[in-house]
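K.L.:
Those protein sequences? They're chains A and B, same order as listed.
Note that the working numbering gives residue 109 to position 109 of the first sequence, counting from 1, and the numbers run on in steps of one.
Note that the working numbering gives residue 48 to position 48 of the second sequence, counting from 1, and the numbers run on in steps of one.
Keep in mind the hints are simulated off the structure, nothing from the lab.
Please note that the accuracy of each hint is not assured.
To be verified - With the C-beta cut set under 8 Å, the calculated list includes, among others, these residues of chain B facing chain A: (1) G42; (2) P43; (3) Y48; (4) L91.
As the list claims (entries may be wrong) - Pulled from the structure, derived: some chain A residues nowhere near chain B, Cβ distances all over 12 Å: (5) E15; (6) G16; (7) N18; (8) E55; (9) K70; (10) T77; (11) L100.
Said to hold, decoys possible - Straight line, CA to CA, 20 Å or less: simulated SDA-like cross-link-like pairs of lysine to any residue: (12) A/K26 to B/G59; (13) A/K104 to B/F65; (14) A/K104 to B/Q108; (15) A/K104 to B/G59; (16) A/K107 to B/Q108; (17) A/K26 to B/Q41; (18) A/K107 to B/G40; (19) A/K104 to B/R111; (20) B/K17 to B/F65; (21) B/K78 to B/Q108; (22) B/K11 to A/N22; (23) A/K104 to B/G40; (24) A/K104 to B/D86; (25) A/K104 to B/E44; (26) A/K26 to A/R50; (27) A/K26 to B/K78; (28) A/K107 to B/A88; (29) A/K56 to B/R64; (30) A/K107 to B/S38; (31) B/K78 to B/P8; (32) A/K104 to B/K15; (33) A/K104 to B/S38; (34) A/K107 to B/L39; (35) A/K104 to B/S87; (36) A/K104 to B/L60; (37) A/K104 to B/K78; (38) B/K15 to B/K78; (39) A/K56 to B/E103.
Bear in mind that the values here come from a model prediction, so they are computed numbers and not experimental data.
Each residue gets a CB set at the ideal place from its N, CA and C atoms; glycine is no exception.
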Amino acid sequence: SQQGEEDPQALSIQEGENATMNCSYKTSINNLQWYRQNSGRGLVHLILIRSNEREKHSGRLRVTLDTSKKSSSLLITASRAADTASYFCATPHGGSQGNLIFGKGTKLSVKP
Amino acid sequence: GAGVSQTPSNKVTEKGKYVELRCDPISGHTALYWYRQSLGQGPEFLIYFQGTGAADDSGLPNDRFFAVRPEGSVSTLKIQRTERGDSAVYLCASSSSRQGNTEAFFGQGTRLTVV
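Construct the complete structure from the given sequences, taking the supplied hints into account.
P.N.:
Set out below in structure tokens:
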């Protein structure tokens with residue numbers, strides 16, 4: 001089963017524009033993570049936001065978390081062609097909170 | 001090594017054959033995870049090890065799938081009597097503690113094709 005659902009499924013923008021991706025989840029969480037994946041292979045961790053945080057920044061990335069709506073957003077500002085990738089949100093799962101459940105991802109294409 | 005290493009990077013096998021996929025986690029990481037990913041989908045959880053023991057194997061689809069981590073480091077995912085539906089990229093990840101609380105580091109995956 002998949003806990004998070006990203007929206008949109010695909011996004012195409014021009015270099016320099018901002019890209020916003022959204023994630024909704026179903027159960028209570030203690031944190032939410034965003035990952036990036038190039039070419040369908042290894043994932044790279046971008047940012048982790050805890051349930052008591054509302055916003056977090058890392059370079060050109062800004063993540064928000066609204067636990068009342070069970071949603072999060074990832075904003076990439078001043079996008080570059082190199083940002084082209086798939087982006088996934090992931091949340092801890094189950095009683096052990098020991099593993100992450102991923103959504104289906106947003107495929108971002110940044111055109112030069 | 002510096003990162004999570006998975007071997008082989010690609011594996012083609014015939015339906016019904018047995019395959020083993022290997023994962024070398026980052027040294028010192030106690031937690032190790034296996035996922036599989038089909039085209040256009042997010043990674044699907046298979047199994048999670050904390051040390052040598054499987055802390056959560058609820059994602060294994062059936063008894064043809066098995067994973068071990070005998071010394072708490074390298075792990076092997078074993079698939080018996082492979083089926084065409086097993087074709088996917090198998091991803092391994094490790095973390096210094098419970099993945100749910102901290103960053104997970106992923107390998108580049110093994111692309112398994114069952115023909």
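K.L.:
For each hint, tell me whether it holds in the structure or not.
P.N.:
Hint-by-hint comparison with the structure:
1. G42: Since the shortest Cβ distance to chain A is 4 Å, the answer is holds.
2. P43: holds, 5 Å
3. Y48: Holds, because the Cβ-Cβ distance from B/Y48 to chain A comes to roughly 4 Å (cut-off 8 Å).
4. L91: holds, 7 Å
5. E15: holds, 25 Å
6. G16: Its Cβ never comes within 12 Å of chain B, the nearest being 28 Å, so this holds.
7. N18: Holds, because the least Cβ-Cβ distance between A/N18 and chain B comes to about 23 Å, which exceeds 12 Å.
8. E55: The claim stands: A/E55 keeps its Cβ more than 12 Å from every Cβ of chain B (closest is about 19 Å).
9. K70: holds, 17 Å
10. T77: It holds; A/T77 is separated from chain B by about 22 Å at its closest Cβ, greater than 12 Å.
11. L100: Given a closest Cβ separation of 5 Å, the condition is violated.
12. A/K26 to B/G59: Holds, at about 18 Å.
13. A/K104 to B/F65: violated, 23 Å
14. A/K104 to B/Q108: This hinted pair holds, its Cα atoms lying about 18 Å apart.
15. A/K104 to B/G59: holds, 17 Å
16. A/K107 to B/Q108: With a Cα-Cα distance of about 18 Å, the restraint between A/K107 and B/Q108 holds, given a limit of 20 Å.
17. A/K26 to B/Q41: Holds - the C-alpha atoms of B/Q41 and A/K26 are around 18 Å apart, at most 20 Å.
18. A/K107 to B/G40: holds, 9 Å
19. A/K104 to B/R111: holds, 18 Å
20. B/K17 to B/F65: holds, 13 Å
21. B/K78 to B/Q108: Given pair B/K78, B/Q108 holds - Cα atoms ~18 Å apart, limit 20 Å.
22. B/K11 to A/N22: Status violated; Cα separation ~35 Å.
23. A/K104 to B/G40: holds, 7 Å
24. A/K104 to B/D86: Cα-Cα ~18 Å, so holds.
25. A/K104 to B/E44: holds, 10 Å
26. A/K26 to A/R50: holds, 16 Å
27. A/K26 to B/K78: violated, 32 Å
28. A/K107 to B/A88: holds, 19 Å
29. A/K56 to B/R64: Judged against 20 Å, a Cα distance of about 42 Å means the pair is violated.
30. A/K107 to B/S38: The given pair, whose Cα atoms are some 15 Å apart, holds under the 20 Å limit.
31. B/K78 to B/P8: holds, 13 Å
32. A/K104 to B/K15: Between A/K104 and B/K15 the Cα gap is close to 28 Å, so the pair fails against 20 Å, i.e. violated.
33. A/K104 to B/S38: Holds - the C-alpha atoms of B/S38 and A/K104 are around 10 Å apart, at most 20 Å.
34. A/K107 to B/L39: holds, 12 Å
35. A/K104 to B/S87: holds, 18 Å
36. A/K104 to B/L60: holds, 19 Å
37. A/K104 to B/K78: violated, 25 Å
38. B/K15 to B/K78: holds, 14 Å
39. A/K56 to B/E103: holds, 15 Å
Violated hints, in rising order: 11, 13, 22, 27, 29, 32 and 37; the structure is consistent with all others.
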